[in-house]
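Trainee: Each chain, letter by letter, is given below.
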Amino acid sequence: MQISDSSSRILAGLLEARTGQQLTMSRRWRIETALSSLLRERGIATLDELITILVMGKEPGLSQQVVEALLNNETYFFRDRAPFDVLSRHALPELAQRRQKTKRLRIWSAGCSTGQEVYSLAMLFAEAPEQWHGWTIDILGTDVSTHCIDRARAGIYSQFEVQRGLGINQTIRWFEECADGWRGVEDLRRPVRFQIHNLLEPPPHPGGFDIVLCRNVLLYLSPDKKTLAFERLASAMAEDGWLMLGAGETVIGQTSKLGTDINARGLYRLVGDGSRIEKRVGDRRSTSGA
Amino acid sequence: MKSCLIVDDSKVIRKVARHILETLEFEVEEAGDGQEALSRCEAKMPDVVLLDWNMPVMSGMEFLKLLRQRGHSDQPKVVFCTTENDMAHIRAALEAGADEYVMKPFDRETLHIKLQLVGVA
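Sequence lines, in order, name chains Z and H. In this text, residue positions in the first sequence follow our numbering: the first is 1, and each later residue adds one. In this text, residue positions in the second sequence follow our numbering: the first is 1, and each later residue adds one.
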């Protein structure tokens, strides 16, 4: 199946208009693969025929299906591992101290795809019940894809998906076999919720998130959209909260609102005028020296 | 370089697993059943065994039990890799001394993570 330049430009434009994500020339090879099953399902013979239907506006629901098919939903449990170690060893112990009065933590996984990152976070808490007993943990997963959010809410994963990233002991502890695969147990599902949300829109309720994860999402945005996304993420964070990005992503040169937490690789903090990070580093030094 | 013994009666599975393991820089040996696997372990204990369940001559479970009974100090990690994918089989494998469990089909990423989890990759 061949796709003309004009057709690929139309599809790229549709994706960017709906999600802010770019389909750069280097990613356009994916179009045919990504849309092949949708074309089969809908009985559409060629991509150019699809474009004709889209342009004529004959089937309003089709454009959303096209957008969803073009999104890269790659994810798996504890993806890259190291970031979760940073959270377990650094961020969560510090938050456990700082939020001792309210015993409430809010976490936002922005661009959560089918939910594996959210359930991985839930496992961090579920595996330390004595530490988090009496706490209210709220883990929100959002994604622009309706299909992904529906799947995340169901919390049911295929055999292939459930073992991607999970050790077998974690699999049998936190999932149970069901007719459609493996379903997360109630203890895992209790602290999580999901909603459809575009990262470029104002952040979801209630804001003031202690940890915001936005991993492997921003790389698909144009520079101006990325700047806006950083604004949105920063505005969603608690004053002393953290942002976590994907491996190879950084705030450096992208926003003035966030800076590297030099004590925790891969975590970023709100900067303001830049004084707070310096002050915090100073505080920690004096604490550890006492 | 870490070593892995692939124990599976399917040549195709051995070939696919060998390809993945070699890209992960493992030195790979193969056995077609549990009995052959025991002989290979006697000759040279691998760091990890990738083990099928149902095989002729000696099953993966029989092999695992015998291996663990021998009480060698250099016991390898054992990762079951099988189509027996229900909870009862998984629990039985863990009780017999398996360290990890991969449900077929699998891909490179899944196998790599499992090998990392048992500390050999």
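If you're looking for bench data, these hints aren't it; they were derived computationally from the structure. Where is the CB? At the ideal position from N, CA and C, for every residue including glycine. Take the hints with a grain of salt, since some may be wrong.
Unchecked claim - Some, not all, of what chain H presents toward chain Z, calculated at C-beta under 7 Å: (1) Val-12; (2) Met-45; (3) Met-87; (4) Glu-100; (5) Tyr-101; (6) Thr-110.
Trainee: Now tell me, hint by hint, if it's right for this structure.
Mentor: To see whether the hints hold, each was checked on the structure:
no.: 1; hint: Val-12; in the structure: violated (18 Å)
no.: 2; hint: Met-45; in the structure: violated (23 Å)
no.: 3; hint: Met-87; in the structure: holds (6 Å)
no.: 4; hint: Glu-100; in the structure: holds (5 Å)
no.: 5; hint: Tyr-101; in the structure: holds (4 Å)
no.: 6; hint: Thr-110; in the structure: holds (5 Å)
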